[in-house]
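Undergrad: Given next are the chains, with one letter for each unit.
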Amino acid sequence: MSTAAVELAGPASALAPDGGRRTGGTKRRPTTQLWPALGMLAPAAIGFAVFYLYPTLRGIYLSLTEYNILGSPVFVGLQNYVDLAQDEVFWNAVRVTLLYVVLNIGFQTVLAVGLAVLMHRLTKSVLVRGSLLLPYLIANVVVALLWYWMLDYNIGIVNAVIDAVGLPKVAFFGDEAWTIPTIAAINTWRHLGYTALLVFAGLQMIPRSVYEAAAVDGAGEWRTFWRITLPLLRPVLALVLVITVTGAFQVFDTVAVTTSGGPGNASRVLQLYIYEQAFARGHFGYASAMSVVLFLILAGAAFAQMRLLRAGESDLS
Amino acid sequence: MGAQSLAQRLARITWGRVIAWIVLWSFILATVLPFYWMLRTALSDNQALAAQSFSLLPADFTLGPFERVFGLATPEEALAEGGSGASLSFWLYLRNSLIVSTAVTVGQVLFCSMAAYAFSRLRWPGRDAWFAVFLGALLVPPIFTALPNFLTVKSVGLLNTLPGIMLPSLFMTPFAIFFMRQFFLGIPREIDEAAMIDGARPWRIFFRIILPISAAPVTTLGILTFISSWNDYFWPLLVGQTEESKVLTVALGIFRSQTPQGAPDWAGLMAASLVAALPIVILYAVFGRRVINSIGFSGIK
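Chains A and B, in that order, are what the protein sequence lines are.
Going by this note's numbering, the first sequence opens with residue 1, and the numbers climb by one from there.
Going by this note's numbering, the second sequence opens with residue 1, and the numbers climb by one from there.
Pulled out of the complex, with its shape left as it was, chain A reads as follows (with noise of 0.2 Å):
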């Protein structure tokens, strides 16, 4: 994920009108005050066209053409899908990262959601939130080669304990099986903390009344849980889930660190193989046309999810 913390808010709220308007006892109609908002707006909205808007158009008509980076784009038509199409690479890709993805929110989501309610029921301290929060404020790169080396075939500890107890040792990063369970175990690992402190958040939004209501009727911990916890998070699951989810797609950091893509093409996800047409061999149009992909990848995982998961609707009130 590229921000640290992401804020959430439903669509709803977020586009609310100003909050704060107050009539007071003026009738006056408010001047418009256009000129400084236009100045005020002026940077952000530089970046806004130059690097966001601008770029996403440009994108679309990249990949459109064929281009390697001396010359002018071709307009080719449709032509890169096609080949995208045929192109074993690619859709080994898609295999791979969607492989990645499901270990990774798979794992991450179970874990958080264990994890927040252990925190909810036992206890508020912010050291320990702190703690469980801290791998995901280090750096991805940071993080693959502390786990690279703790992985490591010869003389990593996790391979010096598997021998020590008799077991076989395991090639993590050699073997093609366990390149991505490795690497989405490791990234499980950095953002469990903060999937957890998100559902944690939602937790707390759950009122107490409830809680107290089921214990009046006798309802034990595990049945509290699965009757009343789960269900009252559901918004709040899928929120996590879009953001998660949205950042496994584009798992890139911690493979280009520890595998490149490998053995063979078992770790060559999505956005690695976007940066190698595009870098290695100068493939922009072709490149584009995938990012293309994977953009309508992640739009149609977020929108089915919100559908599935109903995320609009709570189930309090």
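Please keep in mind that the hints were generated in silico from the structure rather than gathered at the bench.
As the structure is a computational prediction, the values presented were derived from the model and not from experiment.
Glycine residues also receive a C-beta, built at the ideal position from the N, C-alpha and C atoms.
Check before you lean on any hint, since a few could be wrong.
Said to hold, decoys possible - Result set (EDC-like, lysine to aspartate or glutamate): computed pairs, CA atoms no more than 20 Å apart in a straight line:
1) B/K154 / A/E212
2) A/K124 / A/E212
3) A/K124 / A/E221
4) B/K154 / A/E221
5) B/K154 / B/E243
6) B/K154 / B/E244
What the hints assert, rightly or not - Under 8 Å between C-beta atoms, here's a sample of chain A residues computed to sit facing chain B:
7) P43
8) L146
9) N265
10) A280
11) F284
Please arrange chain B on chain A, whose structure you already have, making use of the hints.
TA: Okay, now just chain B, sitting in the frame of chain A:
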């Protein structure tokens, strides 16, 4: 809680709670111990690591790895401890990271606060619609804009320069505008109106009143921006490849592939990683509570 008697507290201790605490502590240990391992390795003699892979203490304690990182060790000393003889311009990368992250933080926080002010407290036609358009940028994944942005930076001749690394995030991110706007919306209207009656103009109100009373969210946003800029890898990798323009993350990513065949300099690598993470750890130690509290849902009912 504090008023509870010891007996009451003991009565609440059940097996379930004990197990729950054990599980929570295992999570905490699993989170923190790898960092200890990083420190332990960074204080080890690289040659001795293989023989003492189990030892919880540094293998043949030495500050050598840090000396190698900061270029204080001679090539002979470095080789003797299993480092590569190659020098790493660590100070340069550290300086680059500091310049980029500081500039991005100052620019983004200032410009996004200004924009958020226009989007929340000034009245002008189409304001909320334009805000929605800006917020739409949240939906565009970074990879999608990265390739065209690379071409833009290249075409203005800023490839492999620090400004080239800063530019795309120097002016705005949708999140930063959203974050500041949420806070500005909560400031009572009377404050601007009183100043307006006194004849103050919007710019003056923004810099003299609104910004100072927003010190807390500005600090939080600044920390978050600094951390994400410091940790960024993909974009600087695209536009900062030369020695003069490499930031720490990029240098670290390449450091690994530069290690000679056979045994990599794990101790040196961990020392470098540790130093690269240190500014964030210090920031976190000082401002941790703000960072932790910023993670939540401000708008969901």
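Undergrad: Taking the closest Cβ pair, is A/F284 under 8 Å from chain B?
TA: holds, 6 Å
Undergrad: Given the proposed pairing of A/K124 with A/E212, does the C-alpha separation stay at or below 20 Å?
TA: Distance of about 19 Å is within 20 Å: holds.
Undergrad: Taking the least C-beta to C-beta distance, is A/P43 closer than 8 Å to chain B?
TA: holds, 4 Å
Undergrad: Next pair to validate is B/K154 with B/E244; report whether the Cα-Cα distance is within 20 Å.
TA: Roughly 16 Å between the alpha carbons, so the hint for B/K154 and B/E244 holds.
Undergrad: Next item in the hint list is A/L146. Is there a CB on chain B closer than 8 Å to its CB?
TA: This hint holds: A/L146 lies near chain B, its Cβ roughly 5 Å from the closest one there, short of 8 Å.
Undergrad: Below or equal to 20 Å on CA atoms is what counts here, so check B/K154 against A/E221.
TA: Not OK: B/K154 and A/E221 at ~59 Å, beyond 20 Å, violated.
Undergrad: Does the alpha-carbon distance linking B/K154 and B/E243 stay inside the 20 Å limit?
TA: holds, 17 Å
Undergrad: Under the criterion of a CB-CB separation shorter than 8 Å, is A/N265 in contact with chain B as hinted?
TA: violated, 19 Å
Undergrad: Check whether the Cα positions of A/K124 and A/E221 lie no farther apart than 20 Å.
TA: Given that 20 Å is the threshold and the Cα spacing comes to 19 Å, the pair holds.
Undergrad: Taking only the CA atoms, is the gap from B/K154 to A/E212 under or equal to 20 Å?
TA: violated, 62 Å
Undergrad: At a threshold of 8 Å, is the proposed contact between A/A280 and chain B supported by beta-carbon distances?
TA: violated, 12 Å
The structure shown violates the earlier hints numbered 1, 4, 9, 10.
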